[in-house]
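Enquirer: Each chain, written out:
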Amino acid sequence: MGEEENIKLQLIQRFAFLSENISIPRTRRIFAIVPANNFRQVLEYATTELGFVILCTITGLDEGPTLGFIYHLAKENGVMLNLHISVAKEKPVIKTISNYFPAADAYERELVDLLGAQVEGLPAGNRYPLPDDWPAGQYPLRKDWKGKVSEITEVKENA
Amino acid sequence: MPERNFKVSIGPQHPALKEPESFLLTLRGEKITEMTVRLGYNHRGVEKACEGRSYIQCLYLIERVCGICSHSHATCFIQAVEEIAGLAVPKRAQYIRTLIAELERIHSHLLWLGVAGHEIGFDTLLMYTWRDREAVMDILALLTGNRVNYGMNTIGGVRRDITPDQIPQILTAIDALEERTKYYVKVGTEEITLRERLSGVGTLSKEDATRLGAVGPTARASGVDRDTRRDDPYAAYGELDFRVITDNHNDVYGRTLVRLGELMESYKLVRQILKQMPEGPISVKAPRKVPAGEAVSRYEAPRGEDVHYVKANGTEKPERVKVRAPTLANVQVVSHMLKDGYLADMPIVIAAIDPCFSCTDRMISIVDTDRNTANTIEWNELRSIGINWYRKQGIDFTELNRNFKIARELK
Amino acid sequence: MTALFSIFVFPGLLFIAVSGLAAEYIDRKFCAKLQNRVGPPWFQPVADFIKLLAKEDIVPQHADKATFTLMPILAMVSIITAFLYIPMWGTQALFSFKGDVIVVLYLLTVPTLTYFLGGWYSRSVFSMIGAARSVTQMFAYEIPLFVSILAPAMLADTWSLSGIAEYFSSHPWMALLNLPGFIIAIITLLGKLEKVPFDIPEAETEIVAGAFTEYSGRLLALFRMAIDMELVVGASLLAAVFLPFGTHLGPAAGFAIYLVKVLFVILLVSLFRTVFARLRIDQMIAFCWKYMAPLAFAQLVADLIIKGAHS
Amino acid sequence: MFRPGKMIKEVLGSVLKRPATTTYPFGDNGEIAKNFRGKLRFFPEKCICCKLCMRDCPSGAINIKKTAEGKISAEIDLAKCIYCGQCVEVCPKEALESTTEFELAQLEHGKLKVTFSADAVGPAKAKA
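Residue numbers (this note's numbering), protein chains in the order written: chain A, 751 to 909; chain B, 888 to 1298; chain C, 47 to 357; chain D, 375 to 502.
Some hints could be false.
Calculated pairs, DSSO-like style, for lysine-lysine (alpha carbon to alpha carbon, straight line, at most 30 Å) [stated by the list, open to error]: (1) C:Lys75 to B:Lys1073; (2) C:Lys111 to C:Lys97; (3) B:Lys905 to D:Lys413; (4) D:Lys425 to D:Lys445; (5) B:Lys1204 to D:Lys467; (6) B:Lys1069 to D:Lys391; (7) A:Lys893 to A:Lys841.
Since the hints were derived computationally from the structure, they do not count as laboratory data.
Using the sequences and the hints, build the whole thing.
Expert: What follows is the structure, encoded as structure tokens:
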């Protein structure tokens, strides 16, 4: 039995609700769909007991009615655990994980700026990556966002 | 030195920074007491743009996320796409990708060495390393056609094969570079002013490196033994034999040694790849539509681990592409390293993570002219403001332009 | 009439301006050669100078206008004045009096002070940091530089530069004794000229251009010219004090030899600035006080002992 | 172990060497890789107007249209082109080719649009 299977078993043993939601598409890759309420337990278990000590990044997804967040965790030996949570778009509130991973700070700010997630407990700081005068309520990575592209028009000679 | 607090804004435009980003430093004399970082000046909306393009178009867009590590991003992205599409990339293509990857690492590390020299006022080192770097740039141009943005990858393989007559040329260049790198190791370890400026600067303990999630040579110089090439092998790395260089100096000097060591390893790797490269096809036919699915791809770029996440929805275009460039993981680390350092060490500490902010930010904001009129000037408007300003000063380029035009037409 | 000619044309203003530009060219070209580059064409310094003269002068809003505009001129004037006391060919300077060594060294300190004042009254952060660094650095290099030049003066038992040149011209072997002093002087001269490894006050990658950050147009042109002239004057001073060879061959040959000596010093300066990294201000001060100053004093003591034994 | 001025030997050795840099324009010194992806060239007589290149072009720089029966013209916007060479790759008839021409700067924006049409003899190019 491979290490991935092992981790899958351990996860299911601890969290029964994960039994149907873990897939292993290839070696060293584990995807798990986690209910948003249980996310912190799973994260804590994965980081402390299973040795997933590296946070690769956090991906934000627009899934229609919900916003999805994938936390890409990795072990020192290259095994990756991708925890996928979904929250309602009307109230896209997630808790910060920067207490576990200080580096998550930047990734979470990205979610705030680009997807309009509300991250609870995010330490104060500059916004990233959009400019300070970016209009409120505009979230570029949402599927319904259509920024008006200002074309560089033809330059008239000696205007 | 006056003992009062200065606020110094380094950036968005500053000679020490090759790309726009802003560091607000609070100084007490020459010591940095506080600093905040503001990134995002290079935000070009690449991730959003990918959603409106087909996979092959995305590939060239992703390749242009960064000039220096263009192959890294392209390969990382293409690996994820191939994984979703279930394409079996031919062995030879894997080897060619690895070869370009290592050549890219060589040119990137030599570039870094020069930049590091420049940041501490040692321009001679810059001139010499960049001169020698031309050897590897020539090889890259020979193999791929271009010095950067190689365009080597395509979905399902690579676009250009390595011909037998190119191999001796690569080997000669690598031998010459190895000689030179040995010399730079000597310069780095023996030249006293260089050592003085690098040692004990920007220290980062192993604990902090792990806690803050440092990646790449920055982490490895603090004794964190992580390298995606070994830990999560991709392309041909699983079949190659190489050492992961770590160092325990925990400072900029250590980072220099790690990069120099990695250069030496890369030379060995290039020789190995050329020796072991199997014969065979270089690509498989790829479908235009990629079945629904998701994949995460990791890649050890010269600056550290690059992570791409691709989600496909069964159409020609990806549903979501996420790029995590190595520098973003290291920004936190820089803030930590600069605390209580000297202003004079600021450039080299920032340079020591080999920052690449264009990678990090990835996205010009697609300016919404309706809402943002006050702050945005159209190109034409800007141009006419410029021309009129000069006219007011009594300088008019119209005549000059006309003469120029006539001269060109005559030619 | 001849006095006016000497002050404005030769060996005064015009000559030193031309040789300053030539020195900058030689410095840049040689540095490029050392770095395996092509380097600038011969007219580059002149072209830069003319370009700057044609540019707009911008005085920052919060700057002290009078000080800001006065400083470049003051820097230039003090350097030209210093030049008049340095013997070029032969052993006799244009003007000379007892104790002119002190005056020349004093006049050569003035430019650093003008950088400080000009930078400080620019009221820009980078200028102020650069200005503060200029002065901090000055305290480190001035002492070894002074002492290393005073040592030959002690040996020659005179306080006039022409006298020193005269003495060593008749005792050429004595000049060799001062070789360590020459090396100290040339290293500290790098500090005075603010060149690598001591270009801390104008470290480009840290504080943009230091005290000169806010300068533009004519004022910057004057400052740059002053720095170029300082290179020539510094090199001439070192040549007169430490390299007193061929001073009795008559004006033509003497002048040629003078040029060779100055060229030698300039090339040494270029070489040094090519092979080192820029030090940090604390390292620079530690280096000057720990090594340069004691060595300079040792030179002085050695010279005194020899003088005692000689007489 | 520590040697101040470690590079002195190296730099002095360079004085008599030929400089590594050259002045621009290159003249005979310039060397461009044979497979460099520079300005595109289009052969109207080979084109079958399948428009695969237009579909794959990441920046929408190519515009191919039939001007008359059997006559095809292509407009390539060099300002938009990112010189990736994907169009050359995808073309089934080799009607497109990357040349080694790289000095493409123009004073006027409009001159960056290059039209290739079959009207003229051979693969001639007329600047719009």
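Enquirer: For each hint, tell me whether it holds in the structure or not.
Expert: Each hint, compared with the structure:
1. C:Lys75 to B:Lys1073: At roughly 27 Å apart (the allowed maximum being 30 Å), B:Lys1073 and C:Lys75 satisfy the hint.
2. C:Lys111 to C:Lys97: holds (23 Å)
3. B:Lys905 to D:Lys413: Holds - the C-alpha atoms of D:Lys413 and B:Lys905 are around 28 Å apart, at most 30 Å.
4. D:Lys425 to D:Lys445: Holds, at about 14 Å.
5. B:Lys1204 to D:Lys467: Measuring from Cα to Cα gives roughly 26 Å; hence the hint holds.
6. B:Lys1069 to D:Lys391: holds (21 Å)
7. A:Lys893 to A:Lys841: Holds - the C-alpha atoms of A:Lys841 and A:Lys893 are around 17 Å apart, at most 30 Å.
The structure fails none of the hints (numbered hints given earlier).
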